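Under my numbering, the first residue of the sequence shown carries the number 3, and numbering increases by one thereafter.
Hints listed in this document are in silico derivations from the structure and should not be mistaken for laboratory results.
As the structure is a prediction and not an experimental result, all values here were calculated from the model.
Hints are not guaranteed to be accurate.
DEER-style ranges, computed between Cβ atoms [claimed, not checked]:
id, residue 1, residue 2, range
1, P150, L47, 38 to 46 Å
2, F49, V72, 14 to 22 Å
3, G120, R23, 43 to 51 Å
Even for Gly, the Cβ is constructed at its ideal location relative to N, Cα and C.
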Amino acid sequence: MASSMEPAASPGRTRGSLWRRPTARPVAVALGVLAALAVWGLSELVFRVDVRQPAFGPGVPQDLTAGPIVLASVVAGLAAWLALAGLERLTRHARAAWVALATLLLMVSLGAPLSGRGIDGQSRLVLALLHLTVGTLLIVLLARTSPPARSARPRNG
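Modelling step: build the complete structure from the supplied sequences, incorporating the hints.
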């Protein structure tokens, strides 16, 4: 029986995950953007948090709007996609290497919302949630688009 993520096999076609299709990676990037906007929107509209970006250097904290959220999410998603594609060309264990690399980079990226000056704890929490939401979603969904290690595939014939 096919799971909800796998279409039923049709004659002449092998069963495959929806996350193995050519559209899966762009969909993962788009879902990352939508998830970030949802976290930001909920924090602003429902929880009434005035989310601000921390100041670094001589700058001043600024209100966080949808534009920078979309831009940062798209850039993160495209960079993640590019890194995974590059690893798939370089190694047989691209999925495992990419998950490890992406997880490490996600942890490093948390330094930005947790540092800087001029914002309150609520803004820091929302910024950290934005990083974790987009990063985790990209790690999980993009990993599903990568084939398992070649050495783990059964041989035909």
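Taking the CB of G120 and the CB of R23, does the distance hold inside 43 to 51 Å? 45 Å, holds
Between F49 and V72, does the beta-carbon spacing fit 14 to 22 Å? 20 Å, holds
Just to be sure I understand the hint, the distance between the Cβ atoms of P150 and L47 should be within 38 to 46 Å; is that true here? Holds, at about 41 Å.
Violated hints for the displayed structure: none, as all numbered hints are satisfied.
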